[in-house]
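Take these sequences, add in the hints, and give me the full structure.
From first to last, the protein sequence lines stand for chains A and Y. So for the first sequence, my numbering puts the first residue at 7; every next one is plus one. So for the second sequence, my numbering puts the first residue at 356; every next one is plus one.
Simulated from the structure, these hints should not be mistaken for lab results. Each hint can be trusted.
20 angstroms max Cα-Cα, derived SDA-like pairs, lysine to any residue: (1) A:107 to Y:422; (2) A:107 to Y:451; (3) A:107 to Y:423.
All of these numbers come straight from a predicted model, not from anything done at the bench.
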Amino acid sequence: AQSVTQPDIHITVSEGASLELRCNYSYGATPYLFWYVQSPGQGLQLLLKYFSGDTLVQGIKGFEAEFKRSQSSFNLRKPSVHWSDAAEYFCAVGARGGGNKLTFGTGTQLKVEL
Amino acid sequence: DAGVIQSPRHEVTEMGQEVTLRCKPISGHDYLFWYRQTMMRGLELLIYFNNNVPIDDSGMPEDRFSAKMPNASFSTLKIQPSEPRDSAVYFCASSLGAGLAAGELFFGEGSRLTVL
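Right, dumping it as structure tokens:
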């Protein structure tokens, strides 16, 4: 079964600084990988996804993520954080051929200091 | 376009009472998911449906939980009897197409349940 680890529970960055949120997955083959964002009191919104091809994936709101098979990682990055990016971020993995089930990480809470 | 609609947004009840959470998926979506979110366990998939048929309910914690999807535009998650450990935010999500490559999950705003 697949699993996801987000090692950082909380991260604080200054507005304008760069951001990297870590995600490691466990799966026997190349998985489907996702990043979702959850603002307070809201549901989750898809930021970006990786299925195949180019390992650097661009998403909404200026986010990108890079799939590194050798490291089983799919880290989320943004070159310059805005105060509105403060939210909780979830990495998720899905199995190819495994139906529509997604396994989510425990999330990383991002705080942005002005 | 309307997104996934969940009700109630907040529910406070006493232990032993029946709780019913409701979800209206996005029109045309053929997959519907129920997730539970807690601080301790994060986001857990409880059950999901395809074309109103339950496909995988292995995440349903116990017999006190049941879910139905009588038609393509409505689903319920029922807890009877409720217990304090059921306190969580319950999310409904829908998607279109077979397999994760077909599309993303669209989440509702969640139903926050507190069982006293």
